[in-house]
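S.K.: Please construct the entire structure, taking both the sequences and the accompanying hints into account.
Spelled out from the first residue to the last, the chains are:
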Amino acid sequence: MKNSSHIKSKPVIATTSLAGCFGCHMSLLDIDERILQLAELVEFDKSPINDIKKISRPVDFGLIEGGCCNSENVEVLRHFRDNCKYLVSVGECAMMGGLPAMRNQLSIRECLEEAYLNSPSVQGCNEEGIIPSDDELPILLNKVYPCHEIVKIDYFIPGCPPRADLLWDVLTSLILGTSPKDQYSVFKYD
Amino acid sequence: MNELVNFTIDKKECMSTKGKYLVDAAAENGIYIPTLCNITGIQPRGACRLCTVKVNGKLTTACTTPVYNNMEVENESPELQDLRKSIIELMFADGNHYCPYCEKSGDCELQAIAYRYRVTVPRFPYSFPKREIEAGHPLLAKDHNRCILCKRCIKAVKDDDGRSIFAFARRSHKLTISVDTRLSHVMSPEKAAYAAEICPVGAILLKGAAFKKPIGERKYDKKPIGTELEM
Chain A
371 MKNSSHIKSK PVIATTSLAG CFGCHMSLLD IDERILQLAE LVEFDKSPIN DIKKISRPVD
431 FGLIEGGCCN SENVEVLRHF RDNCKYLVSV GECAMMGGLP AMRNQLSIRE CLEEAYLNSP
491 SVQGCNEEGI IPSDDELPIL LNKVYPCHEI VKIDYFIPGC PPRADLLWDV LTSLILGTSP
551 KDQYSVFKYD
Chain B
28 MNELVNFTID KKECMSTKGK YLVDAAAENG IYIPTLCNIT GIQPRGACRL CTVKVNGKLT
88 TACTTPVYNN MEVENESPEL QDLRKSIIEL MFADGNHYCP YCEKSGDCEL QAIAYRYRVT
148 VPRFPYSFPK REIEAGHPLL AKDHNRCILC KRCIKAVKDD DGRSIFAFAR RSHKLTISVD
208 TRLSHVMSPE KAAYAAEICP VGAILLKGAA FKKPIGERKY DKKPIGTELE M
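Order-wise, the sequence lines are chains A and B. Anchor point for the first sequence: position 4 equals 374 in the numbering used here, and the numbering is continuous, going up by one each time. Anchor point for the second sequence: position 76 equals 103 in the numbering used here, and the numbering is continuous, going up by one each time.
Treat the hints as calculated values from the structure; they're not laboratory data. No experiment lies behind these values; they were computed from the predicted model shown. Think of the CB as a built atom: it goes at the ideal place given N, C-alpha and C, for glycine as much as any other residue. Be careful, since some hints might not be right.
Claimed, not checked - Here are some chain A residues the structure puts well away from chain B; computed CB gaps all over 10 Å:
(1) Met396
(2) Leu469
(3) Leu511
Stated by the list, open to error - Calculated cross-link-like contacts (lysine-lysine; reagent style DSS-like; alpha-carbon spacing at most 30 Å):
(4) Lys182(B) / Lys250(B)
(5) Lys112(B) / Lys39(B)
(6) Lys112(B) / Lys240(B)
(7) Lys81(B) / Lys250(B)
(8) Lys249(B) / Lys551(A)
(9) Lys201(B) / Lys239(B)
(10) Lys455(A) / Lys112(B)
(11) Lys513(A) / Lys157(B)
(12) Lys522(A) / Lys112(B)
(13) Lys185(B) / Lys551(A)
(14) Lys234(B) / Lys182(B)
(15) Lys157(B) / Lys85(B)
(16) Lys157(B) / Lys551(A)
(17) Lys218(B) / Lys234(B)
(18) Lys551(A) / Lys38(B)
(19) Lys380(A) / Lys522(A)
(20) Lys178(B) / Lys157(B)
(21) Lys182(B) / Lys218(B)
(22) Lys239(B) / Lys182(B)
(23) Lys424(A) / Lys380(A)
(24) Lys201(B) / Lys513(A)
(25) Lys47(B) / Lys185(B)
(26) Lys157(B) / Lys522(A)
(27) Lys551(A) / Lys513(A)
(28) Lys423(A) / Lys522(A)
(29) Lys551(A) / Lys250(B)
(30) Lys39(B) / Lys551(A)
(31) Lys249(B) / Lys513(A)
(32) Lys551(A) / Lys240(B)
(33) Lys218(B) / Lys185(B)
(34) Lys39(B) / Lys185(B)
What the hints assert, rightly or not - In silico negatives: residues of chain A with every beta carbon more than 12 Å from chain B:
(35) Ser379
(36) Ser441
(37) Glu442
(38) Glu484
(39) Cys530
M.R.: Right under this line is the structure:
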């Protein structure tokens, strides 16, 4: 019975980039012409690839790039958890915080002062010494969290970015319900 | 003459010389037992616990256990695999291991063993400790973020008079490796390269030698660690 929905309609995929660099999405595009096969196999809902902004229907597989560095990331991640049958952490940032988590050794004040007051790129252009603070802006978290420390994550695809072949292997396995090839040469953390 | 002994690892018949440490005896018989702290030929300390095996039903470290006749060793059971995975995961959660920009990535033994056991995320929360990078030594940089306290550098790197260049400082969860600044300033380039090489992670780095090998040509890019031993 579990697979009956798959027979009736194509599985739905949604993707998002939280505190990430979009490199994992670029790697998804690196599956090259296989993207045509992917388009045959699934339907895409919210994703930066098709520019759909909101999840509009129940999603089978939600792919998360990036960790959580602010309140908006947490909100989007929880929205994905509520609407996706399975959540997949894609890439090092989603899995361990990645490069944004380099700030976890510093206080938020140190980060903001470096970004808006002290760094060479802002010299001479922020003479009033303003650090943006507005109700409209998401609040920074005390540190950058990996996604599985915020919500339950079902699958993990490591890499920075994950190799296109690994993404393809895991995605097709999830969609078709088969076992992944689990090739050593594409299972990397960098 | 050295006495030969017969023993089994995961029910496979093995033979080696009496008194040889189990890690080395297993390697002679084409069996890989993972380890991060052991260096063949140097007195083992059993620091990393990664080589934990069951000998006649009891947990012990294979790097410190000499082989004897009729020993029954369990090495790759699901229980031991999970135990080893948990040790690797603890190391990743305890330090700051940012593989994407680490110079040692691809040549790192901790990473390679994690690949071998297909570790994705640790079962423990990341601690993101605040640790220092010592870049003041002329030939070496010591990044405490990545140090797993395996003691390899302490045991294996001595100056020409036998003095230790690396030593433990402080205790308990504050334990750290301290580098003798006076000796590090007169260290030979060969010795510095050796220290960087035996470091199983990217905690001791040779200055000016980063990212020499392209991705795809690094030590553990194509084949899992240990496969060179396995038959």
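S.K.: Each hint needs a verdict: does it hold in this structure or not?
M.R.: Here is what the structure says about each hint:
Every CB of chain B lies more than 10 Å from the CB of Met396(A), the least distance being 15 Å, so the non-interface label holds. Annotated as non-interface, Leu469(A) brings its C-beta within 10 Å of a C-beta of chain B; the closest such distance is 6 Å. Every CB of chain B lies more than 10 Å from the CB of Leu511(A), the least distance being 12 Å, so the non-interface label holds. About 28 Å separates the Cα atoms of Lys182(B) and Lys250(B), which keeps this hinted pair within 30 Å; it holds.
About 23 Å separates the Cα atoms of Lys112(B) and Lys39(B), which keeps this hinted pair within 30 Å; it holds. Note on Lys112(B) and Lys240(B): the hinted pairing holds, with a Cα-Cα distance of about 28 Å set against a maximum of 30 Å. Between Lys81(B) and Lys250(B) the alpha-carbon distance is near 27 Å, which keeps this suggested pair within the 30 Å criterion. Between Lys249(B) and Lys551(A), the direct Cα distance comes to roughly 15 Å. Compliance with the 30 Å bound is thereby established for this hinted pair.
Of the pairs offered as hints, the one joining Lys201(B) and Lys239(B) is violated, with about 33 Å between alpha carbons and a cut-off of 30 Å exceeded. Distance hint between Lys455(A) and Lys112(B) is fulfilled; the C-alpha atoms sit about 28 Å from each other, no more than 30 Å. Proximity of Lys513(A) to Lys157(B) is assessed by CA-CA distance (about 12 Å); at most 30 Å being required, the pair is judged to hold. A threshold of 30 Å between alpha carbons decides the hint, and for Lys522(A) with Lys112(B) the separation of about 20 Å falls inside it, so the pair holds.
Restraint check: the Cα-Cα separation between Lys185(B) and Lys551(A) comes to about 46 Å, which exceeds 30 Å; the hinted pair is violated. Only pairs whose Cα atoms come within 30 Å are accepted, and Lys234(B) paired with Lys182(B) is accepted, the gap being roughly 22 Å. For the hint pairing Lys157(B) with Lys85(B), the CA-to-CA distance comes to about 37 Å; that exceeds 30 Å, so the pair is violated. Straight-line distance between C-alpha atoms of Lys157(B) and Lys551(A) comes to about 39 Å, which puts the hinted pair past the 30 Å bound.
Taken as a hint, the Lys218(B) and Lys234(B) pair is honoured in the structure, with Cα atoms around 13 Å apart against an allowance of 30 Å. Restraint check for Lys551(A) and Lys38(B): satisfied, since their Cα atoms lie roughly 29 Å apart, inside the 30 Å limit. Taking the CA atoms of Lys380(A) and Lys522(A), the gap is near 24 Å; set against the 30 Å cutoff, the hint holds. Restraint check for Lys178(B) and Lys157(B): satisfied, since their Cα atoms lie roughly 21 Å apart, inside the 30 Å limit.
In summary, the hint linking Lys182(B) to Lys218(B) is supported, as the alpha carbons are separated by about 13 Å, within the 30 Å threshold. The suggested pairing of Lys239(B) with Lys182(B) holds, with an alpha-carbon distance near 27 Å, which does not exceed 30 Å. Of the pairs offered as hints, the one joining Lys424(A) and Lys380(A) holds, with about 19 Å between alpha carbons and a cut-off of 30 Å not exceeded. At roughly 22 Å between alpha-carbon atoms, Lys201(B) and Lys513(A) fall within 30 Å of each other, so this suggested pair holds.
Restraint check for Lys47(B) and Lys185(B): satisfied, since their Cα atoms lie roughly 25 Å apart, inside the 30 Å limit. With a C-alpha separation of about 27 Å, the suggested pairing of Lys157(B) with Lys522(A) holds against the 30 Å cut-off. Distance hint between Lys551(A) and Lys513(A) is unfulfilled; the C-alpha atoms sit about 35 Å from each other, more than 30 Å. Restraint check for Lys423(A) and Lys522(A): the C-alpha separation of about 23 Å stays at or below 30 Å, so the hint holds.
For the hint linking Lys551(A) to Lys250(B), the alpha-carbon distance of about 16 Å falls within 30 Å, and the restraint holds. For the hint pairing Lys39(B) with Lys551(A), the CA-to-CA distance comes to about 28 Å; that is within 30 Å, so the pair holds. For the suggested pair Lys249(B) and Lys513(A), the alpha carbons sit about 35 Å apart, so the restraint of at most 30 Å is broken. Distance restraint check for Lys551(A) and Lys240(B): the Cα-Cα separation of roughly 27 Å lies within the 30 Å cut-off, and the hinted pair is therefore satisfied.
A threshold of 30 Å between alpha carbons decides the hint, and for Lys218(B) with Lys185(B) the separation of about 8 Å falls inside it, so the pair holds. About 39 Å separates the Cα atoms of Lys39(B) and Lys185(B), which puts this hinted pair outside 30 Å; it is violated. Here Ser379(A) stays apart from chain B, with its beta-carbon at least about 30 Å from theirs, past the 12 Å limit. The beta carbon of Ser441(A) sits about 19 Å from the closest Cβ of chain B, which is more than 12 Å, so the claim that it is off the interface holds.
No Cβ of chain B comes within 12 Å of the Cβ of Glu442(A); the nearest lies about 21 Å off, and the non-interface call holds. Non-interface status of Glu484(A) relative to chain B is upheld: no Cβ of that chain comes within 12 Å, the nearest being about 16 Å off. Distance check on Cys530(A): its Cβ comes as close as 4 Å (rounded) to a Cβ of chain B, failing to clear the 12 Å threshold; non-interface status is violated.
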